[in-house]
Every structure is written in structure tokens, then in C-alpha cells.
Amino acid sequence: MRRSLRGALRPAAKATGPTLIVTYLSLLVLLPIAAILSKSFENGLGSFWTAVTQPEARAALKLTLICSLLVAAFNSVAGLVIAWVLVRDDFPGKRVVSAVIDLPFALPTIVAGLTLLSLYGPNSPFGINVADARIGIVFALAFVTLPFSVRSVQPVLAELDRETEDAAASLGASSSVVLRRVILPSVAPAMLAGAGLAFARAIGEFGSVVLISGNLPFKTEVASSWIYSLSQSDQLSAAAAVSTVLILIALIVLGAIGIVRRRFNVGEAV
Amino acid sequence: MKHSPAPRTHLKWRLLAAGILPVSLVLGALLPASASAAGGTVSLVAYSTPKPAYAALIKAFNATKAGAGVTFSQSFGASGSQATAVASGLPADVVNFSLTPDMDKLVKAGIVSSSWDKGPTAGMVTNSIVSFVVRKGNPKKIKTWADLVKSNVKIITPNPFSSGSAKWNLMAAYGAQLSLGKSKAQATAYLTQLLSHTAAQPSSASNALQTFLGGEGDVLLAYEDDALYAQRQGEPITIITPPQTILIQNPIAVTTNSSNASSAKAFVAYLLSPAGQKLWGQQGYRPVLPKVAAQFKFPTPKKVFTIASLGGWTKVNTAFFTPSTGIVAKIEQGLGVSTASG
Amino acid sequence: MKSRWRLPLRIVALGYLALLVVIPVGSVFYRAFQHGFIAAWDAVTTPDAVHALWLTLLVVLIAVPLNTVFGVGVSLILARHRFRGAWLLDAFVDLPLAISPVVVGLALVLVYGKTGWFGNWLAAHGIEIIFSFPGIVMASATVALPYVVREVLPVLQEIGTDQEQAATTLGASSFTAFRRITLPSIRRSLAYGVTLTTARVLGEFGAVVVVSGAIAGRTQTLTLFIQDSIDNLNPVGAYAGAVILAIIALVVLTVLGADREGRKAKWRSRSDQSPSDSEMPLPSTTSVLMSPMDH
Chain R
1 MRRSLRGALR
11 PAAKATGPTL
21 IVTYLSLLVL
31 LPIAAILSKS
41 FENGLGSFWT
51 AVTQPEARAA
61 LKLTLICSLL
71 VAAFNSVAGL
81 VIAWVLVRDD
91 FPGKRVVSAV
101 IDLPFALPTI
111 VAGLTLLSLY
121 GPNSPFGINV
131 ADARIGIVFA
141 LAFVTLPFSV
151 RSVQPVLAEL
161 DRETEDAAAS
171 LGASSSVVLR
181 RVILPSVAPA
191 MLAGAGLAFA
201 RAIGEFGSVV
211 LISGNLPFKT
221 EVASSWIYSL
231 SQSDQLSAAA
241 AVSTVLILIA
251 LIVLGAIGIV
261 RRRFNVGEAV
Chain C
271 MKHSPAPRTH
281 LKWRLLAAGI
291 LPVSLVLGAL
301 LPASASAAGG
311 TVSLVAYSTP
321 KPAYAALIKA
331 FNATKAGAGV
341 TFSQSFGASG
351 SQATAVASGL
361 PADVVNFSLT
371 PDMDKLVKAG
381 IVSSSWDKGP
391 TAGMVTNSIV
401 SFVVRKGNPK
411 KIKTWADLVK
421 SNVKIITPNP
431 FSSGSAKWNL
441 MAAYGAQLSL
451 GKSKAQATAY
461 LTQLLSHTAA
471 QPSSASNALQ
481 TFLGGEGDVL
491 LAYEDDALYA
501 QRQGEPITII
511 TPPQTILIQN
521 PIAVTTNSSN
531 ASSAKAFVAY
541 LLSPAGQKLW
551 GQQGYRPVLP
561 KVAAQFKFPT
571 PKKVFTIASL
581 GGWTKVNTAF
591 FTPSTGIVAK
601 IEQGLGVSTA
611 SG
Chain V
613 MKSRWRLPLR
623 IVALGYLALL
633 VVIPVGSVFY
643 RAFQHGFIAA
653 WDAVTTPDAV
663 HALWLTLLVV
673 LIAVPLNTVF
683 GVGVSLILAR
693 HRFRGAWLLD
703 AFVDLPLAIS
713 PVVVGLALVL
723 VYGKTGWFGN
733 WLAAHGIEII
743 FSFPGIVMAS
753 ATVALPYVVR
763 EVLPVLQEIG
773 TDQEQAATTL
783 GASSFTAFRR
793 ITLPSIRRSL
803 AYGVTLTTAR
813 VLGEFGAVVV
823 VSGAIAGRTQ
833 TLTLFIQDSI
843 DNLNPVGAYA
853 GAVILAIIAL
863 VVLTVLGADR
873 EGRKAKWRSR
883 SDQSPSDSEM
893 PLPSTTSVLM
903 SPMDH
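Protein chains in written order, with our numbering: chain R, 1 to 270; chain C, 271 to 612; chain V, 613 to 907.
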């Protein structure tokens, strides 16, 4: 990869930039991931396989994947709707609403977890109780990934050229056709990017989920919680093994999304 | 906003480029450097519960001759994580955990001497017991271990694979059954019942308390000192002492690579002295010195047993709490198979 | 969009936002000031709290610019060049999010800790990473790595490179072309990216608690202080601390203008009536270069 990266950039003669970038990536991501991989195979392939196929691991992974996929898909649509309203609509208090969207990101996950528990748990002032159930997990994951689902689409929507839509509409196209054939293709890459990131965050999320979910083994225990338990039980190798599985899944999903996004951009002049 | 964007963009660049470095330097300079006081610094690494207690104890220690001028750096967190941190190189002079296996981690790493538990108090600094925490007024009339598994009772206990507190809870339950004359098989069956009644198994004792205070469950299994602290903070709870329970013993030690061994040892000596133990008692911990303990009116359960009577932590940890293969793991798997859907 | 969709969309969007964002954030503010402003103020002005705030700000001031420069650089590479393995670079940037924060911390300890891969080398050179400030910066930067890339890259891909190519043909250095043409067009998405990165760094707990050692008054960030407050049943301290984090995020957001919706970049509205997003009219490039910065 390094060779083809340099080769691609030789004409631009910007060798130091990419080198610094790859170094940064190595120090922060590649080396730590290598350490996780190395730890997970520390006791051999057999113990890696055992760690990954234990009943608790399988149950936790399955639960995590399903909830994360659901949230990523749902929040993509919700993010599009919200971004749409923020870009194309106007109402009093819009700037306040737009400003508040990023705040869940800034809250420590324990605060997020406690807040969700108090608002949507047994003592809910609205009578909504999603605690200790799988729906609680979806709730918490939606909470922490929503800012990103909105912000990934918002700038692209804002940059969208209205003239095509107006032209299509004046030629008689209905709203749904305009949506499907003009708007969606333009925002699809950004939506996919947002969905990918939401999925990645969701499978790794721990703090905000663990309180409202009840953390019951085989019922509401997510993968990151099981990994935490393994690490606290002096089974660091097994913890690393399950983490490796999550990383592989994320790699596959993100890679697939990347390929689809590139298809959308094939028409671009690059 | 009608002003020209050109100056703003330039301004932003200037701010970003020029401002970051000097601001960072100023902020960096404001961070306090490591203190070099008369008695030196003692690094205390402990589990999260005794933080308020240590505030009082350190103040009192500084007022003594041995402790005059000693400054402290303090780190509190989940007991297991703190032990791992010290094993990974976190500087520590005095370590205090909530259960012995965490100390054993450090013995294994060569940071604590293997004779740490040979002192007069067997290496322990405080005691406590496992208690039931219920809603104020005890509406469901929970008094005994048998009451816990009644059909209308929901239990909160931390996850035994990520929390030391949960291990104390479950061994208290197990040992209570044995002390009632039940067989090992019956005690294990009781654990199954108990775990099937749990509404939540939060990842830490702190999370468990928050979950309970957040309205979940009818009874929380917790350390007595934790519960007493919550009560002092005004939380609407009642503490029920079960008739049979386990003695929680919290280990303390001075590290072998301590950079200030003399002050560290003096501090631990103070914590184990009658004056120090009295302060611990006032904070809700049962003193390890019997004479001091007698001055306090802690509830006395009919039967209090120790982990030693159940085989000691090393054996118990391996037998019960090994992920996926331990007794508790097998119970959870059994419960999970029947309740997991799809 | 036909106006009959306007109201239903607005209701759905605002309802979802209310449920998932406005009410929870409002609840945090409420619980912080539940016992009065003085109580909240006292809780966050203890020496430990003030130090935690300074430490957090310092971490933000270093980690966020680093991630921003990295993010813009990676976006430029991915948007401008096709090479084998591009998808891998793309995915690796996102990957830190899939790793549970505690595992990120443990991995950093495995690599840079005393008994880690570089432990001996670092000790020999007197460099402290784990249980010290640099480790906190690294952990924070890692968990917040992809946000600038994910905001800037789609916009870069959308607008294409014709204008910059025209500029460089006309004699502008690549840096000038970047500064005067690329940067203005990614300004809003960059603002979003920096805001999200800042927010994420502010709120990080799991990785930081592992790599910092949580030493009060020394390596305890504001999120660690908040967790401490919760452990010690001091909710006012916890929520007041969270309010401070939210305020910092809001300040960054407002300064960068990320909350503002507004006019599109000027060169777009000057463009000819063209349905294709990739065709940029060449004449306006000259006027862009010649005219004062105005996007």
C-alpha cells in the first residue's frame, strides 16, 4: 500500500505529507491494532477460536451486530430527514436546534447513560421505559450516533445544486421522483459514510449502553461489555480475540460501504 | 451575518496558527509540577469507594508527627483496573483494593512482596459485609436470602466477571446457604435462582448503585460501607443486614518499588493504628482492630463467615468465576439458553 | 420540495430530535442547576475540578488540530488519487471507532507501556507516554480520528478538482490553490468535522481512564472527574462538569460557524446552468484568483 501511495503522488511531489499522515496513522491506529491482533493469538489459534466461539461471545456479538445495523440504517434515514429540515426549512429556534445536535457527542458516556436511564427508564417522567430490554440498547446507540448521521449529510445537502431539482420539477417530475433520481444519488455517498461510521461506533460503544441495557448475559449484554468482563477477569487474550472479530466485521462493512461509495463517485471528474 | 467573510477567514487562520502554541504553553505551565515537600509525596492507588474516607484520613495523618508535610497523589477507580494499571507501570507507593485477587496480581508482577499478608491484620485494613439495600421503608419486606428469590422480587447485583463487589455478593449468597446447612449442590441451585431473579447486572458496583437509585429492581446487593455512604448522602434507602453474610476484607500494602517507602509505611501504620481505625469506623467501614470495632454499633449478623472458609479467593475465583467454564458462568449459560430468543 | 411535505417532515424531525437530543441535553442542564447555581459552581471550582478542566482544554488544543490536519490530508489523498489500497486507508481511518474505548486504552498500553513493545526504548529516552499527558492526547486523538475525514471527503469528491487544476495551470502554487479554492469550499464541512472531533475528545472516558491512571490533580481529565463525582454520589458535580463540556463544545461550534446554514459557496451560484456536478466553468476560476477571498 505504501508503495502505490507514493507512486500515485510522485507527480505531485508531495512526499512528506503522505509520510507524515501514514506515520500518524501508524502510531495511533496501526500499531495498537497490531498489538490487539498479537495479543489475541498469543496462546495460539486454538485458544483464539475458543474465545471467539464461547456461548457468551457469540450471544454478545450477535446482539451487537443486529442492534448496530438497525441503528445505522435507521439513523441514516433520520439523519437525512433532520438534515433536510435544517437545510431547506426555516422555523424559529432553528439555530438553537442545530447547535444542540452535536452536544450528545460531548457528553461522557456515563452521563449519557445516566440521563437516558432517568428519562427513559423505570422513573421516566414520560412513562417511557426501555430499560433492561434490547430496545434500550437501540435507544442508547441511536443517541450517540445521531449527531454524526445528521452532520454527515448536512454539508452535502447544503452544497446541492437546486437547479437540477427545479428543472426536473418544472418538467413535471413528482417529489418522489425528484427525491429518488436527483437528491438521493447526490447524498447517498455521504449517507453511506455516515451509516458506516454510526455502525462502527455502535459496535464499540460501551458506557452509554451498559446502564440502560441492564447488561444481562445472553439477553442484553453487548460485545464491548463482554470484552470488558474478559479484561477484568485476567483474560486479556480472549478480550483481544473478541475485539479482533469486531475489528474484522467493521473492516468488512466499511470496506463494502467504501466500494459502494466509490461507485457513486465514478462519474466525478477525478 | 453581513460582514465580509474574507477578514474572518484570515482571522480564523491567524487565530488557529498563532494561538494554539502559546496557549498550550501557558496552559501547560499552569499544570502543577510534582510536589517536593518535606515528607515527600506518597502515591496512593485505591479502589473507588474509600475516596471520601481517605480525604479525612489523609488530613488526620498530616496532623500527626509522622505525617507532617507529606503530600499525596491519589488515584481511585475500579479495583481490578487499578491493579492492572499498577502492574502496567502506574507509579504507586500504597495500594488498597477491594479484594485479595487484585493484590495477587501485583504479587505476581513483583510489585508487592509475597509476605504482604503476614502482618498482624493479615494485610487487611478494613472490613465490611454484604448487605441488602432496599427502598426506604422496605416495602417488599425483604429480610433473608430466601426473601430474595420470592417471585415478586427483582435483584440488582453487578456482573461477577467485571466487578469484585459482585464476587463478594455471590459468595455471600453461596456461603449463607452452606451455613444454613444446605449442601454444595443446593447452594449452587440457590445461586441459579438468585441469578434468574436479577433484573440487571451492571458492569461495576458504582453502576449497580446508580441503576438501583434510578428505579430499577427491589433489592441491591452491596458493600455495607457503600450503602452507609449512600444513606449519609441522603439517598432514600434502607439497609437490611442479612442473618448470614460474608466478611469483606480489603487488602492494603506498600509496594516494593515505592519511591518513598518510609512515608508510605508510616501512612499504612497510621491507617492500622487505633486512631486511624476509628476514623475508618466513622466512615462506615468495620475496623479490623477488634477493640476499635467494639466502639461502633455495627449490626451483628447471626453468622459471619470468611472467604477462607469457602476455600480462599484463588480457589474460589478459578472454580466459580472463570469466564465460560466457572460454576457461575455455567449457571448463566443455562439461564441464557432458556431465555435467549432466536 | 412541495410545501405539503414541509410540516410533516418538520414534525418528524423535531420530534425525533426532541426525544433523542433536546430532552436529554436539557435534562443534564436541569440536573446540574437543580440545587441552584451556587451549588453547581462550588462543585466545579474545587482545585481538582479546575485542574481537570485545564487538562481537558489542553488535550483538546493539541489533539483536535492534529486530527484536523491529518483529516484534511487524508481527504485530499483519497479524493484526488486512485491507488490500490485506497479502500484500506479509508477503512482504517474509521476503524478506531469499532474498538471499544477500553480496548483502545489497553492496546496503547500494550504498545507504549512500561512492559509494552516500545517500553524499553521509551524509558531509555526518558519519554513518558502512558500514565502521562502524551498518552491522554494519543488516546483522545485515536477515538476521534475519522470525523474530519468523513465530513470533508464527500464534499471534496462532490466538487472535483477542475478549479484547482485550472488555478495551477494559471500559475498558482498548489498551496495557494488549496488555500483560496479548496479551503473555502470545504469550510462548512470542515467546521462540522472540527466540532465533532472536539466534542468527541471532550467526552472521551474509556480509553483515557486506562492510559491516564486517573491521578487526581495530575492526569484526571474532566470526564474522569465526572465519573469520580458519580462514584462518590455527587451528581451536581458530575452534571455541572458535563454542562461545562457542553458549553465548550457550543463555543467551538459557534466560533467555527458550524451551526449556521447559509449561502452556498459563491462559485457554485455563479456557475452556468449545468446539471452535472462535476463540470466547473473555467472563466470564473480566474476571477476567483484575482478577486479578494470571498466565499
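Among the clues, some could well be false.
[Stated by the list, open to error] Listed next, the stretches of chain R that the computed footprint assigns to chain C, with coverage defined by at least 3 CB atoms under 8 Å from CB atoms of chain C:
| id | region |
| --- | --- |
| 1 | 55 to 61 |
| 2 | 82 to 96 |
[Unchecked claim] Output of the computed footprint for chain V on chain R, the stretches with three or more beta carbons under 8 Å from beta carbons of chain V:
| id | region |
| --- | --- |
| 3 | 39 to 48 |
| 4 | 111 to 119 |
| 5 | 227 to 239 |
| 6 | 248 to 254 |
Hints were generated in silico from the structure; no laboratory data involved.
Backbone N, C-alpha and C fix where the C-beta goes; we use that ideal spot for every residue, glycine too.
The hints, checked one at a time:
With 3 residues having a beta carbon nearer than 8 Å to a beta carbon of chain C, the region 55 to 61 of chain R meets the requirement of three or more and the stated coverage holds. For a cut-off of 8 Å, the count of residues in the region 82 to 96 of chain R with a CB near a CB of chain C stands at 0, and the three-residue condition is violated. With 1 residues carrying a beta carbon less than 8 Å from a beta carbon of chain V, the region 39 to 48 of chain R misses the three-residue requirement, and the given coverage is violated. Only residues whose beta carbon comes within less than 8 Å of a beta carbon in chain V count, and the region 111 to 119 of chain R has 7; three or more means the coverage holds.
Residues of the region 227 to 239 of chain R lying with their CB closer than 8 Å to a CB of chain V number 5, which satisfies the three-residue condition for coverage. Counting residues of the region 248 to 254 of chain R whose beta carbon lies closer than 8 Å to any beta carbon of chain V gives 4, which reaches the threshold of three, so the coverage claim holds.
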